[in-house]
Structures are given as structure tokens and as C-alpha cells.
Amino acid sequence: MHAYDEELGAAVARAQEGDEAAFAIAYRLVQPQLLGYLRGLVGDDAEDVASDAWLEIARDLGRFKGDGAGFRGWSATIARHRALDHLRRQKVRPRSSVLEQDVLDLPGPNSTHDQALESISTEQALELVRGLPRDQAEAVLLRVVVGLDAPAAGRVLGKRPGAVRTAAYRGLKRLAKQLGVAGVTEDGPRTLGESK
Amino acid sequence: MQYVGPINIRSDRNGKTDMGEQQSGGGSPGRRRVHPEGMAHGNGAGHLADHASGPVFGHASGPAVVLDDAALEALLSAAVLRGQPLDNEAEQRAVAAFRAARDAGAHRARTRRRDDWRPREQRRLGRSVKTALSLFAASLTLGGVAFAAIGSSDAPDASSDDQVRSTPTAGASDWPAATSPAESGTASGKPGHPTTAQDTEAKCRAYEQVDGRGNALGSTAWQRLVTEAGGADKVAAYCAEQLAAATDAPGRKADPSGAADNGQDRRGTNGSGASESGTGRSGTGGAGTGGTGTSGSAKSGSGDSAENEKKK
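Chains Y and P are the protein sequences, given in the same order. Here my numbering = 1-based position in the first sequence + 16. Here my numbering = 1-based position in the second sequence + 5.
Everything labelled a hint here was simulated from the structure, so no lab data went into it. We treat Cβ as the ideally placed atom computed from N, Cα and C, and that holds for glycine. Mixed in with the good hints there might be a few duds.
Partner residues aside, some chain P positions facing chain Y, computed with beta carbon under 7 Å [to be verified]:
#1 85
#2 89
#3 91
#4 100
#5 116
#6 118
#7 149
#8 151
#9 241
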């Protein structure tokens, strides 16, 4: 998923030596993921929070140790802290877990699924994720959007890797259900034992 | 901005589950891996393919849609990232912050544990080296402290001895009167310690008290006094001579009241300092003091031992 981690690692290393252009490269490689993650956490305020996070990243870059994948985890941790600060300040909880069906105006199970799923918009996807319980939503965002492995995501969240795996798994299962095929699995045969 | 690979959603019209045979980490067809362990790995391109298991939708008899986790993840990732365009202005702000931090020297800051995202093995290695170094430093420190403690353990004794020795007052010389049994015990434990004029004087004062009572005079110290005097019957005369000489010495008043005061003062001092000088003075130190020095110190040493014993 993140085949450019090598590039990112090299850019971060050069940035740590003071290379401004390399820092810009790192920014471009990481910002979309951070922003996607933050959108799931704080919604429309994601840009502001990301901006704060980048100030801290820029300031503390000298402290960081690690490769490209490590940099994603490190920056995600900073972004998360800024997001939680933001939420505390605003006393705003992440979006409610009630799905807005008009936003999720997805084709039904009988349509061609490939098309339906491919046509999902950013906003729809984020709404779906926000509809998950908080721990599942964060696990899914970190694993899928930021692209962290379970240990790294666990470190960002302050949880054990196993807990993150489980949360992400449950979240994804729930999303899969909601993505156009909801209800079908309930009646359908569950091929081989499904955990849960 | 990157897009994640093809979305792997496959329909199998035969109703069979089509489990990711094209995927590196996939299970065998028809076998589902239901445990989320498969999501453990996020390394590179293999990440999405690690777990080819996923919910299977649809009835067995009808068309089944296999939406594996990898497909779902790819879908979500692509959908979310697609909507996060890069804002040039925000980038400029971040780069400006970077520049400012760099020029201010902020990038030379020390790495905290939360900044260390190296792979676990490296982290552990770095940490173990650090641990070993800090253990080494700690052992040096503790060793130094221990060494210093050994070196300084003599110092308090020496200083207390000095204190004792530096105050050979008349009170001190009167002490044995009160504490002669203890004194004689202590003194008798140390045969062969040299006598001095004050030692003799002190013994003589004690002699007056214990003469004719018990067998205290049988002890080594008294034997020595007897030897000094030239015979048991000459002790009284010898001592009278000695005491007369001592009384004539300037600043040496054999004033009983003064002696009492002095004794009390000293006792108070010794009591407060008992814990510090307990072993030193009541045990070997007391005798040692007497060995090197004056009758005053010897007496006070024995006096201390008596005090300490009472305290215990």
C-alpha cells in the first residue's frame, strides 16, 4: 500500500539534515493520509487540526527516529493528539453514530456491487466510518487510510496490537454490511464459522 | 496523491467462494480465515493482500459477492484519500514552520521515547545499549558512594575523638567517680594501653572511690597503677602525689560542683551524639581513644559506653 515509504524515509532523513525541499516532499506524501484520518476524527475542522499538527511535526522533526513507515506513525500520533485537544476545546464529539441515510444513498444489494462500491464518494466513505463506534472507526482509519500496521496503529492509539486488529476487523465487517449488501448476510449461510 | 490498487471485488456466479488465490497472503479456496490476525501486517504492497478473508455476501444458491477485507480497505482508502487534495498554502505554512524550527536549532532536540519509531529490534537494541550504559554509570555512582562511605566512616570517629580529646576539663577527670565500674570494665578489656599522667590521675581519683570495695582493684588497669606506684601499699601515696600535681596545674580545679555541671553537660552531648558515635566510642573506639590519648578521653569513652548501655 505504501510502496513510497522508502521515498518518504529518505525525504525525512534529508529533512532532518535541514533540507527544506525534502520536508515538502514528506509533507506531500503524508498529508493526504493525515487529513483523511483527521476528517474521520474532527470532520470539517480537519484542515485546521492538520495545520497545527504540521507545525508540531516541523518543530519536532529533529527528535524523530525511524523510517518512512515510522514517520507515518509518528505524525499520526501528533495529529491525533492535536485532534483530541481540538475535540476537548470544542466539546464536540465526533460525529454521531447515526448513519445519515441520505448521504449514504448507496445502491441496493441487487445492483452491480462493483459499480456501487467504486462510486462511493469520500464523504460517503467517511460518513460510514464515522458511523462506527469510536475505537473501530479509529482503528479502521489508521489501518486503512494512514496505512499503519497493527503494532503501529496500536502505538498511536495506546492499545495493544491485538485490540486494534479486532477493532479494525469488526469495523470493516460492519462497513461491508452497510455497503450495499446490508441484510443479505443475515439470512445467507455463513460459510464456515465466522468469528463473533 | 496516490491511489490504491485495483479494487478486488469478484463475483462468483457459481456460488462458490472465491478466496483470493491471486493474493499473496490468501488462504486456499473455500477456506476462510476468520481470525483478524491476518490484518497484522502492513508492510508495503503486501499489506492489503494479507488477509483474504472477508464477509461473504449473498445466498449460496444465488450470485455471491465476495467482498474481502482487502477490497474493502482499498475501496475505503481510495475513497477517503481521493477527497484530500493538497493545499499549497498549508504546505507553505508547514515548510515555513520547518524552516523556523531548523534555524532556531529546535531540530537538535533530544529524541524522546515517543519519537522513536524505529523497528522494534533496533529500538530494543538502542535501548539495551542505553540501559547497559546507565547501569554502568549507576554502578560507578553506587561504587563511589560506597567507597566514600568507607573512607568517611573513620572521619566522624576521628572528629568525635578530637572533640573529646580537645576538652580535657576537670569535669572529665572527675567522671570516673560516677562511672568507675564501667570505666574499670572498659579499661580492663584493653591490656597494655599506655598510661599517661592524666590516665594515672584519673585512676587515682577512681581508686579513692573503689578502694576497699569489691575486686575492681584486681583488674589489669589497677594492676598497672599498682605497678606504677611500686606496690599495693604505695598506691595511696603515689596517687596523692599525682593528684596534688594535677591540682596545681592551671585551669584544673577539682571543684566538685563544677565537675557535676561539666558531667551533666557532657552527658547531654554524648546522649545526643550517641547514635553517631555509638560503636566508635562505646566499643573499640572508646578504648582506642584512651589508647592514643588522654585520661579525659578514656573516661569519656567509658562514660559513653555506660550511657549507651543505659539507653539500650
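Which of the listed hints are not met by the structure?
-> 6, 7, 8, 9
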